[in-house]
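Trainee: Line by line, the protein sequences give chains E and Z.
Sequential numbering from 14 applies to the first sequence in this note's numbering.
Sequential numbering from 14 applies to the second sequence in this note's numbering.
I should point out that these hints are in silico values taken from the structure, not numbers from a laboratory.
No incorrect hints appear here.
It does not matter which identical chain is used: a pair holds within one copy or between any two.
Simulated crosslink set (EDC-like; lysine to aspartate or glutamate; CA at most 20 angstroms straight-line): (1) Lys-158 <-> Glu-497; (2) Lys-500 <-> Asp-490; (3) Lys-222 <-> Asp-20; (4) Lys-500 <-> Asp-130; (5) Lys-222 <-> Asp-19; (6) Lys-524 <-> Glu-482.
Just so you know, these numbers come straight off a predicted model, no measurement behind them.
Residues per chain, in single letters:
There are 2 protein chains.
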Amino acid sequence: MTRLYDDPARFTEDMLSGFLDAYADYVVGVPGGVVRAAVPRAGKVGVVVGGGSGHYPAFCGVVGQGFSDGAVVGNVFTSPSAADAASVARAVDAGAGVLLTTGNYAGDVMNFNLAVDQLRAEGIDARYFAVTDDVASAPAAEITKRRGIAGDFTVFKTASAAAEAGYDLDGVERVAGLSNDRTRTLGVAFDGCTLPGEHEPLFTVPAGKMGLGLGIHGEPGVSEDAMPTASELAATLVDTLLAEIPVGAGSRVTAILNGLGRTKYEELFLLWGLVAQRLRDAGLEIVQPEVGELVTSLDMAGCSLTLMWLDEELERLWSAPADTPAYRKGSSATPTAAAQPRRGEGATDTPAHHSAVATLDAAALACGARVAGALDAMAARMAEMESELGHLDAIAGDGDHGRGMVRGTASAREAAITARDEGAGPGSVLTAAGESWAAKAGGTSGVLWGAGLVALGRRIGDDSAPGAESVVAGLRDGYQALTELGKAQPGDKTMLDSLLPFIDALDVAVKEGTHLWQAWDQAADRADEAALATAALRPKVGRARPLAERSVGTPDPGAISMAACLRAVGRALDDR
Amino acid sequence: MTRLYDDPARFTEDMLSGFLDAYADYVVGVPGGVVRAAVPRAGKVGVVVGGGSGHYPAFCGVVGQGFSDGAVVGNVFTSPSAADAASVARAVDAGAGVLLTTGNYAGDVMNFNLAVDQLRAEGIDARYFAVTDDVASAPAAEITKRRGIAGDFTVFKTASAAAEAGYDLDGVERVAGLSNDRTRTLGVAFDGCTLPGEHEPLFTVPAGKMGLGLGIHGEPGVSEDAMPTASELAATLVDTLLAEIPVGAGSRVTAILNGLGRTKYEELFLLWGLVAQRLRDAGLEIVQPEVGELVTSLDMAGCSLTLMWLDEELERLWSAPADTPAYRKGSSATPTAAAQPRRGEGATDTPAHHSAVATLDAAALACGARVAGALDAMAARMAEMESELGHLDAIAGDGDHGRGMVRGTASAREAAITARDEGAGPGSVLTAAGESWAAKAGGTSGVLWGAGLVALGRRIGDDSAPGAESVVAGLRDGYQALTELGKAQPGDKTMLDSLLPFIDALDVAVKEGTHLWQAWDQAADRADEAALATAALRPKVGRARPLAERSVGTPDPGAISMAACLRAVGRALDDR
Numbered sequence: 014m015t016r017l018y019d020d021p022a023r024f025t026e027d028m029l030s031g032f033l034d035a036y037a038d039y040v041v042g043v044p045g046g047v048v049r050a051a052v053p054r055a056g057k058v059g060v061v062v063g064g065g066s067g068h069y070p071a072f073c074g075v076v077g078q079g080f081s082d083g084a085v086v087g088n089v090f091t092s093p094s095a096a097d098a099a100s101v102a103r104a105v106d107a108g109a110g111v112l113l114t115t116g117n118y119a120g121d122v123m124n125f126n127l128a129v130d131q132l133r134a135e136g137i138d139a140r141y142f143a144v145t146d147d148v149a150s151a152p153a154a155e156i157t158k159r160r161g162i163a164g165d166f167t168v169f170k171t172a173s174a175a176a177e178a179g180y181d182l183d184g185v186e187r188v189a190g191l192s193n194d195r196t197r198t199l200g201v202a203f204d205g206c207t208l209p210g211e212h213e214p215l216f217t218v219p220a221g222k223m224g225l226g227l228g229i230h231g232e233p234g235v236s237e238d239a240m241p242t243a244s245e246l247a248a249t250l251v252d253t254l255l256a257e258i259p260v261g262a263g264s265r266v267t268a269i270l271n272g273l274g275r276t277k278y279e280e281l282f283l284l285w286g287l288v289a290q291r292l293r294d295a296g297l298e299i300v301q302p303e304v305g306e307l308v309t310s311l312d313m314a315g316c317s318l319t320l321m322w323l324d325e326e327l328e329r330l331w332s333a334p335a336d337t338p339a340y341r342k343g344s345s346a347t348p349t350a351a352a353q354p355r356r357g358e359g360a361t362d363t364p365a366h367h368s369a370v371a372t373l374d375a376a377a378l379a380c381g382a383r384v385a386g387a388l389d390a391m392a393a394r395m396a397e398m399e400s401e402l403g404h405l406d407a408i409a410g411d412g413d414h415g416r417g418m419v420r421g422t423a424s425a426r427e428a429a430i431t432a433r434d435e436g437a438g439p440g441s442v443l444t445a446a447g448e449s450w451a452a453k454a455g456g457t458s459g460v461l462w463g464a465g466l467v468a469l470g471r472r473i474g475d476d477s478a479p480g481a482e483s484v485v486a487g488l489r490d491g492y493q494a495l496t497e498l499g500k501a502q503p504g505d506k507t508m509l510d511s512l513l514p515f516i517d518a519l520d521v522a523v524k525e526g527t528h529l530w531q532a533w534d535q536a537a538d539r540a541d542e543a544a545l546a547t548a549a550l551r552p553k554v555g556r557a558r559p560l561a562e563r564s565v566g567t568p569d570p571g572a573i574s575m576a577a578c579l580r581a582v583g584r585a586l587d588d589r
Numbered sequence: 014m015t016r017l018y019d020d021p022a023r024f025t026e027d028m029l030s031g032f033l034d035a036y037a038d039y040v041v042g043v044p045g046g047v048v049r050a051a052v053p054r055a056g057k058v059g060v061v062v063g064g065g066s067g068h069y070p071a072f073c074g075v076v077g078q079g080f081s082d083g084a085v086v087g088n089v090f091t092s093p094s095a096a097d098a099a100s101v102a103r104a105v106d107a108g109a110g111v112l113l114t115t116g117n118y119a120g121d122v123m124n125f126n127l128a129v130d131q132l133r134a135e136g137i138d139a140r141y142f143a144v145t146d147d148v149a150s151a152p153a154a155e156i157t158k159r160r161g162i163a164g165d166f167t168v169f170k171t172a173s174a175a176a177e178a179g180y181d182l183d184g185v186e187r188v189a190g191l192s193n194d195r196t197r198t199l200g201v202a203f204d205g206c207t208l209p210g211e212h213e214p215l216f217t218v219p220a221g222k223m224g225l226g227l228g229i230h231g232e233p234g235v236s237e238d239a240m241p242t243a244s245e246l247a248a249t250l251v252d253t254l255l256a257e258i259p260v261g262a263g264s265r266v267t268a269i270l271n272g273l274g275r276t277k278y279e280e281l282f283l284l285w286g287l288v289a290q291r292l293r294d295a296g297l298e299i300v301q302p303e304v305g306e307l308v309t310s311l312d313m314a315g316c317s318l319t320l321m322w323l324d325e326e327l328e329r330l331w332s333a334p335a336d337t338p339a340y341r342k343g344s345s346a347t348p349t350a351a352a353q354p355r356r357g358e359g360a361t362d363t364p365a366h367h368s369a370v371a372t373l374d375a376a377a378l379a380c381g382a383r384v385a386g387a388l389d390a391m392a393a394r395m396a397e398m399e400s401e402l403g404h405l406d407a408i409a410g411d412g413d414h415g416r417g418m419v420r421g422t423a424s425a426r427e428a429a430i431t432a433r434d435e436g437a438g439p440g441s442v443l444t445a446a447g448e449s450w451a452a453k454a455g456g457t458s459g460v461l462w463g464a465g466l467v468a469l470g471r472r473i474g475d476d477s478a479p480g481a482e483s484v485v486a487g488l489r490d491g492y493q494a495l496t497e498l499g500k501a502q503p504g505d506k507t508m509l510d511s512l513l514p515f516i517d518a519l520d521v522a523v524k525e526g527t528h529l530w531q532a533w534d535q536a537a538d539r540a541d542e543a544a545l546a547t548a549a550l551r552p553k554v555g556r557a558r559p560l561a562e563r564s565v566g567t568p569d570p571g572a573i574s575m576a577a578c579l580r581a582v583g584r585a586l587d588d589r
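Whenever a hint applies, use it, and build me the whole structure from the sequences.
Mentor: See the structure below:
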C-alpha cells in the first residue's frame with residue numbers, strides 16, 4: 014500500500030515538489046507539470062508526454078535530453094486537465110510545434126485534444142497521439158480502442174529521439190505512429206495497489222492467481238488463471254505477442270520486461286532469461302532490451318512484456334543517447350584504456366572436488382560409502398526442517414539458515430556421492446563434502462560446516478574403518494576449526510552450544526566402553542537438550558545488541574540444526 | 014511475495030543468467046559472480062563488491078565503468094562462499110591488487126577474509142573492508158559491530174571511483190575507510206518480504222506500525238512505532254542521523270533516500286521533499302542526492318536515509334561518472350545548443366478564474382451566493398461518497414472516480430465561493446466553478462463536468478434569478494456539451510444515463526406548472542432509479558470489451574455521482 018504522505022489530497026503536489034528538488038539539474042516545474050531545466054533549442058519540435066501519476070518513471074521521470082521536453086502530471090491514476098496539458102506544451106514550444114502524447118484513455122484523449130484545440134487557436138502547431146499497445150484490452154480488429162501501457166515508453170522514446178535529431182513535427186508524429194504500429198504489450202498482475210489515503214487496495218487478485226491482461230490501473234484483464242511457473246509465464250507473454258506480429262515487421266526487436274512495482278528486479282531478470290530464450294528460438298534478434306521498472310502502478314505486483322519490431326529508423330532512434338532523471342543511455346564514464354571485451358567464463362562452473370587417488374581396500378570403500386550415506390541422511394533431514402529453521406532464524410537473524418543448510422547439505426551429499434563413486438575412503442568423502450558445502454552454500458553456516466567437515470575428514474583419513482577414539486578426535490578437530498574461524502565460544506548461542514555437549518558426552522561414553530553408535534545416540538539426546546537450552550542465552554559474537562535482546566527465548570537455529578544433523582548421521586551409520 | 018521462478022532452489026542462478034543476458038554489453042559471468050565485460054586496465058586496482066542476492070541493484074547491478082570491477086553473488090540473503098569471492102577477485106586482478114568489500118555480516122566477513130587469505134597465498138595483494146553504516150544496529154560506542162545497509166552504496170561508489178582514478182590499493186582502502194567513517198544510515202520497514210519458494214513472509218510488521226531500524230534481511234530494529242506521517246518520518250530519519258555527525262564533518266553532504274522494494278518512487282519523492290528541507294534547515298548543503306531503489310530487500314516495504322558528509326576528495330569521487338547496468342552518472346546525450354537553464358516557473362500556480370466584472374443587483378448577488386452554496390453541498394456529498402464511488406469504479410475502470418469527483422467538486426466550490434465573494438451572479442459562479450473543475454481535477458469526469466457547468470452558466474447568465482425554463486434550457490445546453498465532448502449517447506453507461514432522465518422529468522414537471530424545487534426533487538428520484546438501472550447496461554464508448562463485460566451488473570459510477578450531485582444541489586437550492 015501507499016503509506017508515505019502527510020495529506021493524501023496533496024499527494025501528487027508533494028511528490029512533485031520532492032521530485033523537482035531531487036532532480037533540479039534536469040527539470041523545473043511549470044503549471045501543470047515539469048519541463049527540462051534547459052530552455053528549448055529554437056526550432057526543435059517539442060514532445061510532451063503525460064497522464065496520471067502513480068506510474069513513475071512514467072511520466073515525469075523521462076524528461077530530459079534525448080527524451081521528452083515536458084511531462085503533464087495528473088493526480089494519481091487521473092488524466093491531467095486540458096489547461097495543464099496546454100500549459101506544459103506552451104512552456105516547451107520553440108517555434109516548431111509540439112507533439113502531445115499519452116496512453117489511450119478516455120480522460121487523456123479528451124483533455125489533450127482540448128489542449129491541442131486551445132494551442133492551435135493560439136497559433137502553436139500542436140498534435141496529439143494516443144498509444145494503443147495493450148493487446149489484452151481489445152481485439153486486433155479494434156486496435157484503436159486499445160489502452161496504452163508500457164508501450165508508451167517505446168513510442169515516447171522514439172518520437173522524442175526524432176525531435177532531438179531535428180525531425181519536423183510531421184516527422185515526429187509519423188515516428189510516433191510508426192513505433193505505435195510496431196509495439197505490442199501484454200501485462201499480468203498478481204496483486205493490487207492501494208491509492209494514497211485508502212486502506213483497501215483498488216483491486217485484488219485472488220491468492221495463487223494471475224490476472225492476464227490486467228491494466229495498469231487495475232482494469233480487468235481477459236482471464237484469471239492459476240499462477241504459472243516463470244517458464245509458463247514467459248511462454249504466455251511471448252506467444253501472445255508473437256501471434257500479433259505487425260505488418261512489415263522484420264526479425265529485429267527491442268523488448269521491455271517491465272515491473273509494475275512489487276515484482277522485483279531479481280524476478281524480472283529470472284523471467285527475462287526465459288523470455289529472451291523464447292524470442293531467440295522464434296528467430297528474433299533482440300536489440301538493447303530494458304528489464305526493470307519503467308511504467309509502474311504504485312505497489313502493484315505484476316509485470317508486462319513489450320515488443321517493438323524495429324526498422325533501421327526505429328533502431329537508430331531507440332538506441333540514441335538519453336539523459337533523464339530515471340532513464341539514461343550513453344555514458345561519459347572514462348573508458349578503460351584496454352577496453353577489449355572478455356569472453357564469458359561461465360557462471361555456474363562446478364568447483365573442483367578432491368578425487369580419491371589411492372586405491373583403497375574394500376573395507377575403506379565400504380566405510381566411504383557409509384559416510385556418503387550419512388551425509389545423504391543429513392541432507393534429507395535438513396530438507397524436512399528447512400521451513401522450521403528459517404522461521405527460527407528470522408526471529409533474530411536474516412531467516413536464511415534453513416535455506417543455507419539445505420543448500421549446504423545438498424552440495425555435501427552430491428560431492429560425497431561423487432567421491433564415493435570415484436573410490437574415496439571416509440576421510441576423502443568428508444573432505445569433498447566439506448569443500449563443496451563451503452563453496453556452494455556460502456553464508457556463515459556454509460563456511461563453518463565446511464571447515465568442520467574438512468578437519469574431521471583429515472583426522473579420520475581413508476583407513477578402512479576409523480575407531481571410536483579417532484571419531485571423537487576428529488570431532489574435536491572439527492570443533493577447533495569452528496572456534497578459530499567463527500571466534501565464538503560455548504555460551505555465545507551458536508552451533509557450538511549443541512556440538513560441544515555432544516562431543517563431551519560421546520567422549521565419556523566411548524571411554525566407558527559404550528558401543529560407538531549407542532554412545533552417539535545418547536550424546537545426540539544431550540545435543541538436543543543443549544540446543545533447546547540455548548533459548549535462555551544471549552548471543553555475543555557478530556550480533557548487534559537489539560538482535561541479542563530479540564533472540565532471548567528462542568533457541569539458536571544453528572544449535573538446533575547441528576543437533577538434528579548429528580542425530581541423522583548417527584541413525585544412518587548405526588550398524589548395531 | 015516473490016512469485017516468479019521455476020525452481021526456488023535455482024532462483025539465484027536463473028536470476029543471474031537473465032541478468033547477464035540483459036546486460037551483456039556491461040557484464041560477463043565468472044564462477045561466483047559477475048565482472049565487467051571489458052578486460053581490466055593493467056595496473057588498475059580491482060574493486061569487488063558482494064554479498065547475498067535479493068538486494069538489486071546491489072550488488073551485481075553496479076559493476077561497470079566508474080564503479081566496481083566485479084560482484085560476488087551469493088544466494089538470496091546469504092553470503093557467497095570464500096571460493097566464490099576469491100574467484101571473482103582473481104578475474105578482476107590487473108596486477109595492482111584487489112579490494113573486496115561487503116556490508117558487515119558475520120557470514121560475509123568470514124568468507125571474504127578466507128578469500129583474502131587464499132588470494133594472498135597466491136600472490137595477489139587483497140584486502141577486505143566491511144561497511145558499518147546502520148546506526149540502529151549497535152550504539153556509537155560499538156560502531157564496528159554495526160551492519161552495512163544502504164551506506165554500502167556510498168562506500169562502494171567512492172572506493173570504486175578512486176580505483177578508476179588510478180589510486181593504488183592503499184589509497185582505495187583509505188577511501189573506503191574514510192567514506193565509511195563519514196556515512197550513516199537509518200532504515201525503517203512497514204512490511205516484510207518473502208523468500209522465493211516460501212509462502213509466508215520472512216518477517217512481518219504489524220499493520221499500522223513501523224519497525225524503526227529494521228535491517229535489510231528483516232533483522233529486528235530498535236523499536237516498533239505507530240506509522241508516522243511523512244513529515245514525522247522525515248524528522249525521525251534526519252534527526253537521528255544528525256545526532257551522529259562524524260568527526261571532521263563539514264556542511265556538505267550527499268544523501269540517498271533508498272526504497273526497499275515496495276515503497277515506491279512517488280512516496281520516496283514526497284518524503285525526499287521533507288527530508289531535503291529539514292537537512293537544509295539544519296544548515297547542510299545537499300550535493301547530488303539519489304532518490305530511488307539502490308539497496309533493496311526483495312519486496313520489503315520501507316526505506317532508509319543515508320548521509321555521507323563530504324570533503325573535497327569524497328565529493329569528487331561521488332560526483333565522478335559511472336556507467337553500470339543499474340546506475341549511470343554523466344551522459345553523452347547530445348547537449349542542447351542553447352542549453353541555458355531556465356528559471357523555475359512554479360508548479361502550483363492557481364489557474365485564473367473569471368472575475369465578475371459588472372456590478373450586479375442584490376438579487377443577482379443573492380442568487381450567485383445560493384449557487385455557490387449548492388456547489389458547496391455537492392462537494393460535501395461527494396466527500397461522503399468518495400470511497401463508495403471509488404469501489405464502484407474499480408470494478409470496471411481505474412478506481413479514480415471518487416477521488417476525481419472530490420477533487421473536482423472541491424475545486425468548483427472554492428472557485429464558486431471566490432467568485433461569489435467578488436460579486437458574481439449565478440452564471441459567473443457556475444462558469445468559474447466549471448473552469449476550475451476541469452483545470453484542477455483532470456480526468457474524464459473533470460473535463461465533462463467542467464464543460465457542462467460552463468454551458469449551464471452561459472445560459473443562466475447573471476440575471477437576478479433565472480426562471481425554471483431557463484434552468485431547464487441550461488441543463489439541456491450542459492447535456493449537449495457533454496455529448497459533443499464525450500461522444501457518448503444515452504444507454505452507453507455513462508453519467509448521461511442519469512442526467513437525461515432527470516432533465517426530461519424536470520422539463521415535463523416544470524411545463525405542468527410544478528414548483529421548480531418540487532419538480533427537481535421528483536426528477537432526482539428518476540435520476541436515482543436510472544443510475545441504478547445502468548447496472549444492466551454494457552458500456553459502448555471508450556471502453557475495451559473485457560471492461561464492458563466486467564461492468565455488467567454494476568451501476569455506472571458516473572451515473573451514480575451525477576444523480577447524487579443533482580439531489581444535493583436540489584436540496585441546497587430548495588427555498589420552499
